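Whenever a hint applies, use it, and build me the whole structure from the sequences.
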Amino acid sequence: MRVSLPHVLSVWQRNFAMYRRTWKLNLLPNFFEPVLYLLAIGIGVGSYISEMGGTSYVAFLAPGLVTVAAMNGASFEVTYNTFVRLNFEKTYESMLTTPVQAEDLLFGEVLWAVTRSSIYGGAFFIVLIAMGLAPFPYALLAIPVIPLTGLLFASIGIAFSLRIQTIDLFSFYFTMFLTPLFLFSDIFFPLEERLSGAWLWVAELLPLLHPVRLSRAAFHGEFSAALWWDFAYIALLSLVLLYVAAGTVRRRLTT
Amino acid sequence: MATALENPHPVVDLERVTKSFGARLVVDALSLQVPRGACFGLLGPNGAGKTTALRMVYGVTRPDSGSIRVFGIDVGSDPRQVRSRLGVTLQENALIEPLTPVENLAVFGRFHLLTEREIRSRTEELLDFLELRSHADVPVRALSGGFQRRLSIAQSLMNRPELLILDEPTTGLDPAVRISLWSRVDQLRALGTTVLLTTHYMEEAERLCDQLVILDGGKAVAQGSPEELIDRVLAAEALELDVRPEEDAAIVAAFGAKRSLRAGSRLILYADDAGELALRLREQRPEHRARAVRRTNLEDVFLALTGAQLEFGA
Ligand SMILES: Nc1ncnc2c1ncn2[C@@H]1O[C@H](COP(=O)(O)OP(=O)(O)OP(=O)(O)O)[C@@H](O)[C@H]1O
Ligand SMILES: [Mg+2]
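Note that the protein sequences, when read in sequence, are chains Y and G. Numbering (this note's numbering) for the first sequence: 63 to 317. Numbering (this note's numbering) for the second sequence: 429 to 742.
These are computed hints drawn from the structure, not numbers from a lab. In this text, all values refer to a predicted model and were calculated from it rather than measured experimentally. Built from N, CA and C at the ideal position, the CB exists for glycine as well. Some clues are possibly wrong.
[Stated by the list, open to error] Okay, the calculated beta carbon distance ranges per label pair:
no.: 1; chain 1: G; residue 1: R717; chain 2: Y; residue 2: Q227; range: 34 to 44 Å
no.: 2; chain 1: Y; residue 1: G184; chain 2: G; residue 2: S611; range: 51 to 61 Å
no.: 3; chain 1: G; residue 1: D638; chain 2: Y; residue 2: Q75; range: 47 to 57 Å
no.: 4; chain 1: G; residue 1: L453; chain 2: Y; residue 2: T237; range: 39 to 49 Å
no.: 5; chain 1: Y; residue 1: F239; chain 2: G; residue 2: D638; range: 35 to 45 Å
[Unchecked claim] Okay, the calculated bits of chain Y under chain G, using three or more residues with CB under 8 Å as the criterion:
no.: 6; region: 76-90
no.: 7; region: 155-168
no.: 8; region: 171-179
Next up, the structure:
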């Protein structure tokens, strides 16, 4: 693989230049989504729940929703946007007339998606601080989990987007993949308390579960060696998917 | 001549380059050399393999066999180096619609790792050179086709390329924009830029190119300067007649034209002196009026070499 960091950054700068023009339209809806969940479920439903996982319900919810904000920020970038640049706008084709290579372009897009996930996750984190839901100082350790979540979902999303032939498949990606992850990844209730036997092992496959665990451990200041597994899962799956995506992007753009 | 001696390598050198997509042979043993400072044209009907040939020159399509050297460098071994020294205007514009021309140029400058200062100064130059200044700060999506095309060409000049590759640069443009782009190409060549282009406009090829290759089904069916091709394939002058196709053979035999071509309802006879042919026609076959006596152009050559297939619907 021949990746050149300056060229990766030039691709990142392209997206940044465009985002500067359009961020007002993009930022608000994506940003409000987790805030609405926090208010409706965390405070609304939460007022009927005396405690969960040893804290108030809204405090249980907060660390998971940070990772959701990061997941969404990355996912929007590498799904529709990537697909359109590849198939309709010929953006990637025009990049490849310059010294930018297919791998540079892939990593530039992923780096940008991580940046966007950090903007959304970071904005939500600030809301949590303002609401007194990010206990100092341990919650600060959740900050690196935001780009890590972004990396994971940028890798999953771009590997998918580069492979599919029709844009209609994204509705499956969102409703059949991301939405179930959102609902069943320990964010709203402790998953392992509802599962038993082999299902506990199956649950370990859920990608969002691992960032949620890391984030919650940081918020609660409770650390254990088992967290290494969550970290390794994120790092390994991202690496494998990026490796696969690099092959796909070469195949799609160079013949 | 002096430059040719200093730079013995052609800027682009293709030797028996072949490329298939699946079972489909798209470029077939194509060889061509573009000397430094030349303007070289690739002509051919839709699907002839022009864009594929260009893609191989800048290294995004790899040939199945044959060798491709650009600036004397094997493209496959160092595509980054090759692409840093050339510029490509794609057949379809790929601009960032919400951004202005100035911002679009900056984005391209960064792909070439130019400094912000270089980006600013080259943007200034190119806004003037391609007459974009009046719309420099208007979002691209609000620009007309002519402006967008000029911006696409400006983008491909951000790195001051030694070789400019233009894939159908003027398709869909009005005559005024087209003519102004032609003079920009002349200016670039005067500064030493080598140009490799494709076009469907024979007038454009005749006006711009000093060397041409006509592709058909991926094969080079003719190669040379426009004048050479006219001479070799047809003859200097043409006489157009309205006759029924059944009479073609008899008329061609009676008048001894070098070549003939049927184009719809017309028969075109080619000869070194078409005026003389027209005189004989008036004497011997007064029922057939000559519709036009004119100089043979590249369009005739193109039709003679590639047009037959359309007629028979292959
Ligand atoms: N990536 C590809 N996969 C399969 N077939 C391809 C691919 N790229 C081009 N082709 C085919 O190769 C042939 C030549 O295409 P190419 O784009 O080079 O033609 P062209 O001369 O540029 O045509 P036009 O004048 O329409 O632009 C066409 O039949 C096209 O469908
Ligand atoms: Mg083409």
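Three residues or more, CB to CB closer than 8 Å: is that satisfied between the region 155-168 of chain Y and chain G?
Coverage by chain G holds for the region 155-168 of chain Y (9 residues, Cβ < 8 Å).
For the hint 47 to 57 Å, verify it against the beta carbon of D638 of chain G and that of Q75 of chain Y.
Because 39 Å falls outside the window, the suggested range is violated.
C-beta pair F239 of chain Y, D638 of chain G: status relative to the range 35 to 45 Å that was hinted
57 Å, violated
Report holds or violated for chain G covering the region 76-90 of chain Y, Cβ cut-off 8 Å, minimum 3 residues.
That given contact holds, which follows from 5 residues of the region 76-90 of chain Y lying within Cβ reach (below 8 Å) of chain G.
Does the hinted range 34 to 44 Å hold for R717 of chain G and Q227 of chain Y at CB?
Given a distance of about 57 Å, which is not inside 34 to 44 Å, the answer is violated.
Can the region 171-179 of chain Y be counted as covered by chain G under the rule of three residues or more with Cβ-Cβ separation shorter than 8 Å?
violated (count 0)
Status of the given 51 to 61 Å range, CB of S611 of chain G versus CB of G184 of chain Y:
Holds - the Cβ-Cβ distance for G184 of chain Y and S611 of chain G, about 52 Å, lies within 51 to 61 Å.
Could you tell me whether the CB distance from L453 of chain G to T237 of chain Y stays inside 39 to 49 Å?
44 Å, holds
Checked against the numbered hints above, the structure breaks hints 1, 3, 5, 8 and satisfies the rest.
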